[in-house]
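Chemist: Using the sequences plus the hints, can you model the full thing?
One-letter residues, chain by chain:
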Amino acid sequence: MTPAIEVRGLRKVFRARERSPGLAGAIRSLVAPRSREIVAVEDLAFSIAPGERVAFLGPNGAGKSTTIKMLSGILHPTAGEARVLGLDPSRERTRLAFRIGTVFGQRTQLWWHLPARDTLDLLAAVYEIPAAEYRERRDRLVESFGVGPLLDRPVRGLSLGERMRCEIVASLLHRPEVLFLDEPTIGLDVEAKAAVRDLVLRASAERGTTLLLTSHDPSDMERVCDRAIVIHQGRLLLDRPVAALREGFLRTKLVTLDTVEAPPAVDLPGVTVSSRDAHRVVLHVDTARTPVESVVAAAMAAGRLRDLTVADPPMEDVVRAIYAAAGNGSGAGGAGE
Amino acid sequence: MTAPAPTLAPYLAVARIGARHTFAARGEAVGRAFFFGVLLLIFSQLWAAVLARGPVAGLEAREVLWYIAVTEWIVLSIPMVHLEIEQDVRSGDVAYRLARPVSYLGMRIAEALGALLARLAFVGVVAAALVPALAGGFPRDPRGLLFAVPLGALAAAVAVLFQAAIGLAAFWLQDCSPVYWIWQKLTFLLGGLLLPLDLYPGWLRTIARWSPFEPLLYGPARAALGAGAVEAAATAGKLVLWAAIATALLGAVARRARRALEVNGG
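Residue numbers (the working numbering), protein chains in the order written: chain W, 1 to 337; chain E, 1001 to 1266.
Take these hints with a grain of salt, some might be off.
Claimed, not checked - Each pair of labels, with its calculated beta carbon distance range:
| id | chain 1 | residue 1 | chain 2 | residue 2 | range |
| --- | --- | --- | --- | --- | --- |
| 1 | E | G1251 | W | G22 | 32 to 40 angstroms |
| 2 | W | P241 | E | P1178 | 53 to 61 angstroms |
| 3 | E | G1228 | W | Q106 | 50 to 58 angstroms |
| 4 | W | G51 | E | P1178 | 48 to 56 angstroms |
| 5 | W | A205 | E | I1182 | 52 to 60 angstroms |
Keep in mind that the hints were calculated from the coordinates and are not lab data.
Beta carbons: idealized from backbone N, C-alpha and C, even for Gly.
Modeler: So, in structure tokens, the structure goes:
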């Protein structure tokens, strides 16, 4: 089977201007500009089968967005090869654009001052969808994703979560075979994040859409994807099923207890104090050794709680753990499955 | 599977959005009409006083006011497409818009042309209602207005092309305002925004004649005063020539901008 996405030896180098401080430095930069090379992506290789849902992870500056830009034809690789749906994105950008969709959490493809319906009408023209077919697809997506009441309100008046639901409808209108999602849940509250994950998952399940998702939230990966590719400093660090990653690196939770009195001591195996002050303690829980519910029960028995939250560790911590494991050769490195 | 052959449909659709957006922003449209009215009121008083003793260079106060009405109609109708492009470049959105199967610049220009048509219509209606009253009638040969309207629309469209190229300067300067200010001041001066070029010294008229600015403002405005079909055709010819030059310039700048995006990142 032809892979939906295939990348071999992919490399991207940018050139960044360097400016010296002060007036003399500014003049010097004007007369003799200096620049340095930044390697954003280095020798990247992976392959994604049609219908796979892959999380593309890494800390800020790891090269995730640059890779997605190369895969969608926005940027050309400095070296190496990328094929998406059998096409070369840098040479066949327009042909490819009809078959892929993009959702960028920090950008909008909707016209800010106009209702989302106008953008959908425009996208139907951009992707040359016949009028009757467009209406049928739009109505189905609108009903399925429950965005009917949002369509006729100016986009600027929508909440971030409402806007993101409309963005996903907009990105699915032309039935892309591959959907690139770059931080689709950034800035959303818990409920909106869950809704977005559900929509993305449903879209993939219904039409077999291949997903490549970047996120800072480990839950996005856990709830939506079945495989994770981790990159660091532009290089492939790990390529594993999410289930394997969960066992190896996603078995910790952060439990925050806000207490009426001084926080109680929770003395259980695998539970360590991450931070503590007068009325709050953050516990780092290794769920393989003690389940979260045991920690919560012990905390409630030990004293009066004002509030309690359970959260995943930040993606940076997960990647740091993977990176540390890769560094000491404990099996995280490379593309081993 | 092959991509469909490119069509004009997306560009027409985005032009419609540009026009709708213009009408949706009612406050801005009313403000533009108000500014046009105040300006014309001031100039009607000014030129009535200046030309009270008789015409200068064959121009009466009424004609000068019609001349200014046409130049201002054009200037006030041109959308700030350079600012839209600058914003896309500064925010990095330009890179993301390249992921669509349409030309980024084509879409931006089509949207601006849609907005331009709406503005020309809106300010044009205001001008049609206001200028005859302020000027005390129509120009001596009102048929000139039939030439001035299409010439003014064509001139404003050419200006959109030049301003789009100015917007792309943001790839290197971040802020394209300095380039735009130079362009705008030269348009006002060498286009004869407030004063017909007939009243300029000979050497300045010669410079203006060889610049793109003369057909952008003076040509259509002079046509309104009854310059005749031959002169109108000459202005149309110049505008077509400058449209070709602007398109070539835009293409060259866009290619360099694309390289800058490749080198410096999105």
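Chemist: Each hint needs a verdict: does it hold in this structure or not?
Modeler: Hint-by-hint comparison with the structure:
no.	hint	verdict
1	E:G1251 <-> W:G22: 32 to 40 angstroms	holds, 39 angstroms
2	W:P241 <-> E:P1178: 53 to 61 angstroms	holds, 55 angstroms
3	E:G1228 <-> W:Q106: 50 to 58 angstroms	holds, 57 angstroms
4	W:G51 <-> E:P1178: 48 to 56 angstroms	holds, 52 angstroms
5	W:A205 <-> E:I1182: 52 to 60 angstroms	holds, 56 angstroms
Taken one by one, the earlier hints all hold for this structure without exception.
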